[in-house]
Each structure stands twice: as structure tokens, then as C-alpha cells.
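J.: So the chains spell out like this:
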Amino acid sequence: MKAKYLVGVLVILGALAYMIFGGLGRNLVYFLTPSEYLQDQAKYQNRPVRLGGLVKEGTVQYDKDRLELRFVLTDGVAEVPVLHRGTPPGMFKEGQGVVVEGRFGEGVFQGSNLLVKHSETYQPPKEGWTPEDVRKLIEEAK
Amino acid sequence: MLLRLEAISKRFGRDWVLRDLSFALDRGEVVALLGPNGSGKTTLLRLMAGLLKPTRGRVERGGRVLFLPNPPAFHRHLTAREHLLYDLAFHGGRGDWRGALVRFGLPENLPLAAFSSGMKKRLALARLILLGPDLWLLDEPETALDGEGRELLLKVLQEARQGAGVVLATHDRALAAQVADRTLELGVA
Amino acid sequence: MRRALLLALRDLRLEVRDRAGLLSVLAFFGVMLFIMALALGPEEAPLRRAAPGVLWVALAFASTLLSTRAFALEVEDGTLDDLLLVPGGKEWVYFGKLLFQMLLLLPLSALAFLMAAGLFYLPLEKALPILLTLALGTLGYASVATFYAGLLARLRGREVLLPLLLFSLVVPVVLSAVRATAGLVEGLPLSEVASWWQLLAVFDVVYLTASALLFPVVMEG
Amino acid sequence: MLKATVSDRPDLFTWAFLGLGLLLLPLGLYLALSAPPDVNQGYLARIMYLHVPGAWLGYLAFFVTFLYSLLYLFRQDPRYDRVALASAEIGLVFMGLALVTGMLWARPTWGVYWTWEPRLTTTAILFAVYVGYFLLRGAIEDPELRRKAAAAVGILGFINVPISYMSVKWWRSLHQTQSIDLTTGKIHMAPEMLQALLFNLLVFTLLYLGFVRLRALVAALEARKEEA
Numbered sequence: 001m002k003a004k005y006l007v008g009v010l011v012i013l014g015a016l017a018y019m020i021f022g023g024l025g026r027n028l029v030y031f032l033t034p035s036e037y038l039q040d041q042a043k044y045q046n047r048p049v050r051l052g053g054l055v056k057e058g059t060v061q062y063d064k065d066r067l068e069l070r071f072v073l074t075d076g077v078a079e080v081p082v083l084h085r086g087t088p089p090g091m092f093k094e095g096q097g098v099v100v101e102g103r104f105g106e107g108v109f110q111g112s113n114l115l116v117k118h119s120e121t122y123q124p125p126k127e128g129w130t131p132e133d134v135r136k137l138i139e140e141a142k
Numbered sequence: 143m144l145l146r147l148e149a150i151s152k153r154f155g156r157d158w159v160l161r162d163l164s165f166a167l168d169r170g171e172v173v174a175l176l177g178p179n180g181s182g183k184t185t186l187l188r189l190m191a192g193l194l195k196p197t198r199g200r201v202e203r204g205g206r207v208l209f210l211p212n213p214p215a216f217h218r219h220l221t222a223r224e225h226l227l228y229d230l231a232f233h234g235g236r237g238d239w240r241g242a243l244v245r246f247g248l249p250e251n252l253p254l255a256a257f258s259s260g261m262k263k264r265l266a267l268a269r270l271i272l273l274g275p276d277l278w279l280l281d282e283p284e285t286a287l288d289g290e291g292r293e294l295l296l297k298v299l300q301e302a303r304q305g306a307g308v309v310l311a312t313h314d315r316a317l318a319a320q321v322a323d324r325t326l327e328l329g330v331a
Numbered sequence: 332m333r334r335a336l337l338l339a340l341r342d343l344r345l346e347v348r349d350r351a352g353l354l355s356v357l358a359f360f361g362v363m364l365f366i367m368a369l370a371l372g373p374e375e376a377p378l379r380r381a382a383p384g385v386l387w388v389a390l391a392f393a394s395t396l397l398s399t400r401a402f403a404l405e406v407e408d409g410t411l412d413d414l415l416l417v418p419g420g421k422e423w424v425y426f427g428k429l430l431f432q433m434l435l436l437l438p439l440s441a442l443a444f445l446m447a448a449g450l451f452y453l454p455l456e457k458a459l460p461i462l463l464t465l466a467l468g469t470l471g472y473a474s475v476a477t478f479y480a481g482l483l484a485r486l487r488g489r490e491v492l493l494p495l496l497l498f499s500l501v502v503p504v505v506l507s508a509v510r511a512t513a514g515l516v517e518g519l520p521l522s523e524v525a526s527w528w529q530l531l532a533v534f535d536v537v538y539l540t541a542s543a544l545l546f547p548v549v550m551e552g
Numbered sequence: 553m554l555k556a557t558v559s560d561r562p563d564l565f566t567w568a569f570l571g572l573g574l575l576l577l578p579l580g581l582y583l584a585l586s587a588p589p590d591v592n593q594g595y596l597a598r599i600m601y602l603h604v605p606g607a608w609l610g611y612l613a614f615f616v617t618f619l620y621s622l623l624y625l626f627r628q629d630p631r632y633d634r635v636a637l638a639s640a641e642i643g644l645v646f647m648g649l650a651l652v653t654g655m656l657w658a659r660p661t662w663g664v665y666w667t668w669e670p671r672l673t674t675t676a677i678l679f680a681v682y683v684g685y686f687l688l689r690g691a692i693e694d695p696e697l698r699r700k701a702a703a704a705v706g707i708l709g710f711i712n713v714p715i716s717y718m719s720v721k722w723w724r725s726l727h728q729t730q731s732i733d734l735t736t737g738k739i740h741m742a743p744e745m746l747q748a749l750l751f752n753l754l755v756f757t758l759l760y761l762g763f764v765r766l767r768a769l770v771a772a773l774e775a776r777k778e779e780a
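Protein chains in written order, with the working numbering: chain C, 1 to 142; chain A, 143 to 331; chain H, 332 to 552; chain F, 553 to 780.
For reference, chain C alone in the conformation it holds in the complex (with noise of 0.2 Å):
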């Protein structure tokens, strides 16, 4: 009667641990790196996809009067030049981790949604950070 259990509750721990090493989570992911998108570029076209990266420093080019927001999008390997239209939300800037959502075009990422990813380090300014910091983010993402 308890060898029953027992079984049961392995075979369900079994299937959970399988989903968890197991390597299930390649199709769950949210976004892709520009890196991933770049090799399978082929597989991706004319289909909607997330993009999540860096703001690559010193890129950021945003025109007030047109809504335009150019910036390139990096992950430290591979860049994407990105268009977005509308404005930043307020925790953008440069070095900032963002998912981009939209498809390739002309060229360019043309996105239609922008999204800020901030890290789960909370950290008071004085203190001071690194931008090994919000790297972090980048390198947890493969």
C-alpha cells in the first residue's frame, strides 16, 4: 500500500525533474539574443519575435517630433540595429537591458513594443554598482 506512494511520488518528481534538466524551457524562453536570431534568421522570417538585449551605449537616437527611437541592440556577440516607434518608457537609457517585440524589415528591427528588464540587484547609488551588474543580465539569458 505505501511501496504505491512511494512510486507515484517518484515517477511525478521523476517527470518534474526531467522538465527542469531536461532542456523543456528552449521554446518557453520569452526572447531571443540577437546572437540566436542572427543564426536562425532564416526560420524567423516574416514572424513576430522578442528580442532581449543591451542598449548598446552611445546608439540611442530618438526624434521627438516623429517618435522615432533608434538604438542598436547587442548582447555582446551579435548586434541588431532596431527602430521602434512611439516613446521610451521611462527606465530606458543606454546599457539598459530591453525586449524588443516586432519583426525584421528594411533592414531593421521594426518594433512595435519595447520593454525594459531590469535585474533582481537593487542596490542604493551611493553604494556605487558595476555595469557587471546589469551584464549579468545578458549572461543568465543563455
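Calculated directly from the structure, the hints in this document are not laboratory data.
For every residue, glycine included, the Cβ atom is placed at its ideal position computed from N, Cα and C.
Among the hints, a few may not be true.
As the list claims (entries may be wrong) - BS3-like mimics (lysine-lysine), calculated; alpha carbons at most 30 Å apart, straight line:
| id | chain 1 | residue 1 | chain 2 | residue 2 |
| --- | --- | --- | --- | --- |
| 1 | A | 262 | H | 421 |
| 2 | F | 738 | C | 56 |
| 3 | C | 93 | F | 738 |
| 4 | C | 56 | C | 43 |
| 5 | A | 262 | C | 4 |
Stated by the list, open to error - Just the calculated beta-carbon pair ranges, DEER-fashion:
| id | chain 1 | residue 1 | chain 2 | residue 2 | range |
| --- | --- | --- | --- | --- | --- |
| 6 | F | 571 | A | 148 | 53 to 63 Å |
| 7 | H | 522 | C | 105 | 23 to 33 Å |
| 8 | A | 253 | F | 645 | 51 to 61 Å |
| 9 | H | 445 | C | 58 | 52 to 62 Å |
| 10 | F | 659 | C | 61 | 52 to 62 Å |
| 11 | H | 357 | A | 180 | 56 to 66 Å |
| 12 | C | 58 | H | 366 | 55 to 65 Å |
| 13 | H | 485 | F | 690 | 14 to 24 Å |
| 14 | C | 65 | H | 377 | 49 to 59 Å |
| 15 | F | 680 | C | 7 | 57 to 67 Å |
| 16 | H | 463 | F | 563 | 54 to 64 Å |
Stated by the list, open to error - Some chain A residues well away from chain F (every beta-carbon gap over 10 Å; in silico):
| id | residue |
| --- | --- |
| 17 | 166 |
| 18 | 227 |
| 19 | 296 |
On the provided structure of chain C, position chains A, H and F as indicated by the hints.
T.: Coordinates of chains A, H and F only, in the frame set by chain C:
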């Protein structure tokens, strides 16, 4: 010991149907359960079978149990033969199903939807004989039976007494006097 | 487990002889697909895009109806007690009823796929992988459905309660199944769809095991 | 037998948990509002002091429901069911708080109130499961069947709790990973912020314990009235 109830009580919602009832049954015993409608006879049988859990108290069983409800329950889309064959398969037994049907005067290949209530009662008895449980729990087994059917019932009960134990709920005091070693009277709680 | 198989075959026999129940499931199913096709059509692209969702909503409802059917005749005829009085564990009743549903759900899925292929322009050459998805999804759905249908079997108003209970629990199954189907329709490579299948298999195993263990506990007494 | 153990009033522990929790709640809020701003998010990060304890207590509450549902199924004592019910109810409140504060936090940081990313999706499913738990309880009249059916939801539904908690680690999500990581023991937070967070966690835990005991007592009194 085939069956032992220790100080069981059963409540449905706000109403207590049974209170503090203790009872024991051995092999070879036939006990008649008497009492007016609503005194809890069927509830008690279902508690004995393990189909209900007592609100308080304990029930112990030492053998295979079969419960014959009133009216008997059969799948109306099956024939008597099919029904008995499935029952035998589920209970993992072998038996002379054809002999049982002949003994109780029942047709093999008629859907049970076409059976009269008396025929269903006979089929229920045939099923009991065939499956041969250790504990027989019968709810008003005498109803709907004709004279010949009643004779068959008496014989079946005598056979059950060899090695098994029987509890039957009934309103028929003559039957109780005829077959039972003991009676248990339930009052309205 | 021979008993479970026998129970499933017996229930099939009963349903075929009863007819009314099976016909209502089939009728519901067909009408739903037709209405959705009519409402979303006639353009090919939107139909094809909606197909996985529609297919799964139809299958989920059909599976819910079937799980009620699995215990309906038992309750109408009062024979559920007989099954529970069979000596030994009660798991075989659960597996028998589940098997009964799967024996009906698998052909129903195939039929659904064929209908959807005609009405929603689903790619026929993807039949095998889509059928595998349907099988995995319906198994996960039916494992929970069987458990609750048994639990609620004697209850009035179970037809209303069952979907309520079921849907929140099986959302992960339906979600993965819809995504896998959609992936196949979009023409994604099998390797990518495979991880949805793995996820479905995990949910199937977890729900099936947990339901089979809990079923005897809730059925007795 | 059961009646003897159920008193009419909350016992000392219940009062102590509730009293202490309510007493410390303003202090917790004060600590949260005086915590330093975050270097990236500024004052927005303060939502964390409600959001994180809410989510944790929600998970904890559902775990307690799971445990007591199992106990109920195997022991058949209605007392276990009442604790499971109380915990699920309070857990739903805490989880609701976490969802609402999360949405308020997401709008200014991420730029949207809601998006179907793994953490949010699994949490929404979790929330739906326990809403279903109460719909079910409301729909079944027979007390024993009600308890059994609810216990089954409490057990089968719990699988979504670890999935929801770990979703940010298993799958690449928009939601940040845990700042206090229970699986590795790493803490990514400045000490003064951590203090405020842990203090609020303590307050929430006290409130949870107090409310669950109170709710279970109310359920016991209801059951007694129903049976009397």
C-alpha cells in the same frame, strides 16, 4: 470475525441516522435487520459494506463483501450472460454462469432492460451464488419475488450460511423468523 | 490491468448500445467546428491561424462530456457500488474509465483533424505529428477529467461543475498542446515542436500518476 | 469530541499573531518608505517591499493548503480541511496583492501592466486554480464531498507553485530572477534594503498566521452551526 462495528454513528447533514451502534458477525450467522422505513437499515448495510464511512466509530471487515441493493442494480444494455461474465472477470473468479441462470430460470440473451423486477431479483441471487462472497449484505431481498422465487431465496440463504455470514434488511418478520439466528431492531433516531 | 481493459471495452459496448450519449458528443463536436469555420472564414489565412485554438476548444469540451459519460451509465444503473466492492485497489476503475475515454478520444481526434483539415486548411501532410500532439494533449486532459468525473459522479449539477474545476487545472496541458499544434501548422521544424511534446508528456505523467493515486482515496466512503 | 476542542473565541496565539502583525505593519511600511532608492529604479523599487512578501506568503499559503489537503484525505478529519480552506483563502489575498503590486510595478519599469511571459503566465494560472478551489467549495452542498473535492484541487493545483516560483530560472523571462535565491542562498540586495524586506516578510508572516487561525476558527463555528 467477519464483521465488527464499534460504536458507529452516521450523520447526513444535520440529521443523525445512526447513533452509537455496535455489532459483530461471525461466519455461519444470518442476522435480520428490522425497523420501519427511515430507521437507517440501508445506511447501516452500506456502512457495513464500506460504501459509506461512519461519522464516528470503526468498521472492520474480514473478507470479500457483496451488497445487494433494492432494487438490484444492473446495466440495462447488457444481457444476463454478459453481465455475469463481466462480474466474474472483475472479481477474478470462475463459475458455472450457465448453470446459475438455469437454476434461477433466467434467459441468457435477453437485455436486462426487458427483465421484470422479480427476474432482476433472481439474477441478483444468481450473481451472489456465482461470486460467492464471505459477507452477504442484502437489502430487502424478498421483495418482488413470487412463491417459487422465495423458495429459491430460502435455499440460497441456507447455502450462504455454510461458511459465509449474512445480514439482511427486511420488513418481512416471517422471513426473519424463518432464516435468522438473530435480529437487530432499529428505531427511528 | 486486464480488468481495466475489460472495463473499458464493456463501457464501449454500453455506449454503443445506448447511442444517445455518443451521438450528442459527436453532434456537438461537428456543429462547433462548422460554426467556427463559418464565423472565421472564408479567407484561408485567418482560418488556418485560428485552427489550433478551435480544434483544442472543441476537443476539450468533447473530452469533458465524455468523462461525464464514463460514469453516467454507472450512476443511472446504480452499478458504481459494484465496481467499488471488487476486492483490491480501486485504481483499475480509474484506468478502465480513462482507457474507455481514450479509445473514443483517439478516433475523435483523428476525425477532428480531418474535419479541421477540410474546414480550416490544416496541412494534411503533417497528419502524424499533429495526431501525436492530439493524443498527448487529450491524455493529459482526460486523466484529470476522469478523476473529477468520478469524484462528482453522484452529484447533481456535475455537468456545470466539472468544466469549472477542470479548466484551471488543465490550462498548462491545453496551452502546450495548442502551441505545439500551432507550431506544426506554421511549419516549424519537428525538433522545435518536440520540446512542447516533452512538456506535454511531463504534464501527462504528473497528472496521470497523481490522479490515479488520489482516485481510490476519494471514491471510498 | 470535536466540539470540545473548538472554542468560541480565538486563542492566545491567534490574538498574539494578529496583534503583533497589525502593530508592526506601520513600522514595516515606515521602513519600506524610508529605504534608500535603487540605483536603477529609484523610488519605484519600494513596491518590492509589498510585492515580494505578498508572493512568498502566497506560495507558502498554497503549500500549507497542499499539506493539509493531503492530511485531510488520509485522516478524514474536518479540522485539516478547515486549515486548508483558511490558508487557500489568505493565500489568494496575498497572491492577489502580489499580482496587483506587480502590475503597478511593471508599468513604469517594463512599460506594460501585463505581458504573457513565463512568470506572469504561471502565476495567473496559479491564481485561477485557487479561484476554482472556492468556486468548487461554493457549488457542492454535501460537506464531505465538498471537502474531498477541494482537497483534490489543493493537491493537484499545487504543482503550479514550484513551476511558478522557478519559472524565472528555468525559462528566460522578462521578470527578474529571485533577489533572495532560496536554491543557491545568494542575495542580490544592499543590507539596508534587505532589512526592510525581511522585516515586512516577518510582518506578513505574522498576519498570515493570525488570519489563518482566525479563518479556520470561523470555519469551525460555521460547521458547528451547520451540524447543530
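J.: Please write out, lowest number first, the hints stated earlier that are contradicted by the structure.
T.: Going through the list in order, the structure violates hints 5, 6, 10, 11, 14, 15 and respects the others.
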